[in-house]
Amino acid sequence: RDCLRPSIKVAGVKKSYREVIDVSWGDPHRAGVKPLSFVRQVLAACIYPQLMDGDKLMVDVKQRAQMLLRACPGGSVGSYCATAGVPEIVERVSEYITRRDGGVPSHPENIYISSGSQWALTNILKVLVNSEASPRTGVLTPVPCHSTTILSLMALGAEVVPYYLREEQGWALDVEELQRAWGSAKEVCNPVGLYVINPGNPAGYVQSRKSMQEVIRFAAEKRLFLLADEVYQDCVFGEETEFVSYKRALAEMGSPLSDTVELASFHTTSKGLMGECGLRAGYVELVNLDPAVMKHIYSLFSADSCAPVLGQFALDVMTNPPQPGDPSYPLYMKVDHFLFLIHRKAFTEFINSLPGFSCQPVEGGAFAFPRVFLPPKAIETAKELGMKPDTFYCMRLLEEAGVLSSPGSEYGQQEGTYHIRFCIMTPSEIMEEILRRLSTFHKRFMNEFS
Amino acid sequence: VSCGDPQRAGMRPISFVRQVIAVCLCPELLTEEIFPLDVRIRAQKLLEACDGQSVGSYTASSGLPHVRQTIAEFIMKRDGVPAYAENIFISSGAQRVFIKLLSGGEGQHQTGVLVPQPCPHTLLPVLDEAGVMAVPYRLIEEKNWAVDKSELHQALTTYRGRCELRAIYISNPGIPTGHLQDRKSIEEVIEFAAAERLMLLVDEVYQDSIYAPNREFISYKKVLFEMEKHLRDSVELVSFHSLSCAFVAECGLRAGYMEVVNIDSRVMHYVDTLLCTDINAPVTGQLALDLMLNPPKLGDPSYNTFAQETLLTQATLARNAQRALKLLNDLPGISCQPAKGGIYLYPHLDLPPEFRRQAKVRKGLEPVVFYCQMLLQEEGLITGPGQHDERTGSHHLRLCVLVPPDALDEVLYRLSTFHLRFVDSDVKSRK
Numbered sequence: 001r002d003c004l005r006p007s008i009k010v011a012g013v014k015k016s017y018r019e020v021i022d023v024s025w026g027d028p029h030r031a032g033v034k035p036l037s038f039v040r041q042v043l044a045a046c047i048y049p050q051l052m053d054g055d056k057l058m059v060d061v062k063q064r065a066q067m068l069l070r071a072c073p074g075g076s077v078g079s080y081c082a083t084a085g086v087p088e089i090v091e092r093v094s095e096y097i098t099r100r101d102g103g104v105p106s107h108p109e110n111i112y113i114s115s116g117s118q119w120a121l122t123n124i125l126k127v128l129v130n131s132e133a134s135p136r137t138g139v140l141t142p143v144p145c146h147s148t149t150i151l152s153l154m155a156l157g158a159e160v161v162p163y164y165l166r167e168e169q170g171w172a173l174d175v176e177e178l179q180r181a182w183g184s185a186k187e188v189c190n191p192v193g194l195y196v197i198n199p200g201n202p203a204g205y206v207q208s209r210k211s212m213q214e215v216i217r218f219a220a221e222k223r224l225f226l227l228a229d230e231v232y233q234d235c236v237f238g239e240e241t242e243f244v245s246y247k248r249a250l251a252e253m254g255s256p257l258s259d260t261v262e263l264a265s266f267h268t269t270s271k272g273l274m275g276e277c278g279l280r281a282g283y284v285e286l287v288n289l290d291p292a293v294m295k296h297i298y299s300l301f302s303a304d305s306c307a308p309v310l311g312q313f314a315l316d317v318m319t320n321p322p323q324p325g326d327p328s329y330p331l332y333m334k335v336d337h338f339l340f341l342i343h344r345k346a347f348t349e350f351i352n353s354l355p356g357f358s359c360q361p362v363e364g365g366a367f368a369f370p371r372v373f374l375p376p377k378a379i380e381t382a383k384e385l386g387m388k389p390d391t392f393y394c395m396r397l398l399e400e401a402g403v404l405s406s407p408g409s410e411y412g413q414q415e416g417t418y419h420i421r422f423c424i425m426t427p428s429e430i431m432e433e434i435l436r437r438l439s440t441f442h443k444r445f446m447n448e449f450s
Numbered sequence: 001v002s003c004g005d006p007q008r009a010g011m012r013p014i015s016f017v018r019q020v021i022a023v024c025l026c027p028e029l030l031t032e033e034i035f036p037l038d039v040r041i042r043a044q045k046l047l048e049a050c051d052g053q054s055v056g057s058y059t060a061s062s063g064l065p066h067v068r069q070t071i072a073e074f075i076m077k078r079d080g081v082p083a084y085a086e087n088i089f090i091s092s093g094a095q096r097v098f099i100k101l102l103s104g105g106e107g108q109h110q111t112g113v114l115v116p117q118p119c120p121h122t123l124l125p126v127l128d129e130a131g132v133m134a135v136p137y138r139l140i141e142e143k144n145w146a147v148d149k150s151e152l153h154q155a156l157t158t159y160r161g162r163c164e165l166r167a168i169y170i171s172n173p174g175i176p177t178g179h180l181q182d183r184k185s186i187e188e189v190i191e192f193a194a195a196e197r198l199m200l201l202v203d204e205v206y207q208d209s210i211y212a213p214n215r216e217f218i219s220y221k222k223v224l225f226e227m228e229k230h231l232r233d234s235v236e237l238v239s240f241h242s243l244s245c246a247f248v249a250e251c252g253l254r255a256g257y258m259e260v261v262n263i264d265s266r267v268m269h270y271v272d273t274l275l276c277t278d279i280n281a282p283v284t285g286q287l288a289l290d291l292m293l294n295p296p297k298l299g300d301p302s303y304n305t306f307a308q309e310t311l312l313t314q315a316t317l318a319r320n321a322q323r324a325l326k327l328l329n330d331l332p333g334i335s336c337q338p339a340k341g342g343i344y345l346y347p348h349l350d351l352p353p354e355f356r357r358q359a360k361v362r363k364g365l366e367p368v369v370f371y372c373q374m375l376l377q378e379e380g381l382i383t384g385p386g387q388h389d390e391r392t393g394s395h396h397l398r399l400c401v402l403v404p405p406d407a408l409d410e411v412l413y414r415l416s417t418f419h420l421r422f423v424d425s426d427v428k429s430r431k
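Chains as they are written, first to last, in full-length UniProt numbering: chain A, 1 to 450; chain B, 1 to 431.
Hints in this document: simulated from the structure, not taken from any laboratory.
Please note: incorrect hints may appear among the correct ones.
A few chain B residues that face chain A, going by a derived Cβ cut-off under 8 Å, partial list only [as the list claims (entries may be wrong)]:
{"#": "1", "residue": "Arg8"}
{"#": "2", "residue": "Ser57"}
{"#": "3", "residue": "Phe225"}
{"#": "4", "residue": "Leu253"}
Derived pair list, reagent style DSSO-like, types lysine-lysine, alpha-carbon separation capped at 27 Å [stated by the list, open to error]:
{"#": "5", "chain 1": "B", "residue 1": "Lys100", "chain 2": "A", "residue 2": "Lys126"}
{"#": "6", "chain 1": "B", "residue 1": "Lys77", "chain 2": "B", "residue 2": "Lys221"}
{"#": "7", "chain 1": "B", "residue 1": "Lys100", "chain 2": "A", "residue 2": "Lys295"}
{"#": "8", "chain 1": "A", "residue 1": "Lys295", "chain 2": "A", "residue 2": "Lys222"}
Note that the Cβ used here is the ideal one computed from N, Cα and C, for glycine as well.
With the rest of the complex left out, here is chain A:
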């Protein structure tokens, strides 16, 4: 993505579009989604409590802001707070998890609020990865996978062990593939962790309960620590799909698995309807970890002071949104949530209608990850320019149509295949514009290189 950015700044060249549509990030606000009023009003009231004087704000906004401020040392968002997060908020997050999982108990002491889920993931990886070990610590990671986790693993000196998701089966996670990956890994490293993304990023799959149970059994058998990146759990749209957390799936499998499989699940305020990527808040919930390890994890998190307080407040709202009967409830529910349901279908259907594109159904997450069948001439041209073929496509799409997407090579893909990732969590008008521009561009591109 960084190599594409400079071309936006080329001035003085006439384009067919007025502005670039950036759907290369998993960043709803950047893509045009408006922030949720309730959250923003609560945060504004917390940072400037004088706003609560008078009647500008609804009663439930004020009540929430006051409760949150009372929970902070010094009654201010400007103070440091406890390492794992403001205790009242941690408590409320654990209650949310219990509710979400149909009653499977969650305990506050197993939860750490952090500056975004990646930060928490890095801390947990620090516990798993021995950077000085030989053979190196290995973590099984999906292909495709978003790049930040890969970078973190590499920075820690871990071996990234890829397991390929089955595109033709809607990007399903196949246990046989896990077995193959694990088998080949054993020769070069010591596999210790299994990282799964559910719902997927960049591919928009949502695992079935059955698939998750297979993964859990595999992790138990190979004694792998399960790292479940569940940040898109609030973006599940398929009619027959529902999100089941790994924690719940594990608990429902009963003893001995439910007492022994070690699991870390991650969530964040950055995704979903809130899309508050810039506030930096997420959490990790740890299951079945040895108390001595938990103690060490506490020290790791302590080194970072705490997660930003405003982010923690946003997390509180995410896990405890306005309820029916609350004054803010109608506005909160007026979110164009349902548009996304339509979009993902509209997008996949449209893209599948374009020759040279094939897109698996998007059941969850914020992205579509269609496969593009690039003509040999295009691949040649890309090579001559020293670019990966899908990067070349994205570059042209940006230059000629003003749509910024990200190439599949950033996420990993089967050799010889090419994909493009688009964030589809955008308002309708923008989605229509994207499809219009993409269609015009794609036909021209395929023509040029036929």
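Following the hints, complete the assembly by docking chain B onto the known chain A.
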């Protein structure tokens, strides 16, 4: 009062900062006339600098370009030396990134970083976690905690062969000592770093809180740029500043920046990549940095309130430091160097041998930790145990004095009550 968290202690935030951030969070407030015009104009400008015009969007890992530019302009104005946005990186925890960069090696090739003794209590865990050896150089208490060249050399020789020294860390104003380096002292450290080919990691987070009369903060960068050319062009320097400083004191917003000087661009590429895994510093924090370093000016509607608030904090800090210093020095068995800046006092405690023995043998604790525990239990006052100096065997206490004046009254009352009782019981037990 063990940590630097003024707002926890009741110090009021700066209104301008809070108002602008509130409007940025809730842009409907841009039309609210309860907010002064300059607040609204600034909020508008900052929102335009954010992708999606929202504080909820990701930013580049190195920070919003607009804010990096503001920081560069602040530095230029402060130092009269050019500063460039591309050498400035905004992050929540910049020090960690640099230390990570330096870390590596095992055994005698393990990276070592020279750290002052005493140093900020949060620094040692960071080094430890990165697998870096902390190589202490003593600051000279009797000289107001000055940096001493012979101590630097002593540290070098002692640790030669035990690790590979790559950098020297220093804080100015000193944390927790409150020492303020003059130009000559800074030059000595720079020359030392140049001679030993060490990277300079300079923590200047309390640069805005100097209260000693006739003393001024001068940055390492400015001093460096006024030295010989060969030093100017080669000494590798990274300086840090933060929102968690004295006046704005927004510790909960979690943002700071580092400015790098003379670091190879290929290395900077790695820094940028390392920063990527942290995604970005919280946007509200980044915006607050802009407000902190480009505050209201004379003539702006918010200026008067802003000036009053900062003057009040400044005055509170200076008065508190003076009062606390006097009280501490009047207590038997406590002596405290006068601090020139920063928000801490670091008094020396004479702990009697019997007490020290009790602490170690009966409680398994460092004596000063035991002292702090007792102080907490008996008077409900949390203080910070200072770093134990093995060579001199001395003990210190760390106190944050940037608290509201009546809170300070209470702190001093409880401390003196406890300490007098402590001294008394020791005298009695010896009789």
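Against the structure, the hints come out as follows:
For B/Arg8, the interface hint holds, since its Cβ comes within 8 Å of a Cβ in chain A; the closest pair sits about 4 Å apart. A cut of 8 Å between beta carbons decides the hint on B/Ser57: the least distance to chain A is about 4 Å, and the hint holds. For B/Phe225, the interface hint is violated, the least distance from its beta-carbon to any beta-carbon of chain A being 31 Å, above 8 Å. Because the closest C-beta pair between B/Leu253 and chain A is about 6 Å apart, less than 8 Å, the hint holds.
Distance restraint check for B/Lys100 and A/Lys126: the Cα-Cα separation of roughly 13 Å lies within the 27 Å cut-off, and the hinted pair is therefore satisfied. Between B/Lys77 and B/Lys221 the CA atoms are separated by roughly 13 Å; this keeps the pair inside 27 Å, and the hint holds. Proposed proximity of B/Lys100 and A/Lys295 is supported: the alpha carbons are some 23 Å apart, at most 27 Å. Between the alpha carbons of A/Lys295 and A/Lys222 the distance comes to roughly 25 Å, so the proposed pair stays at or under 27 Å and holds.
The earlier numbered hint that this structure contradicts is number 3, and it is the only one.
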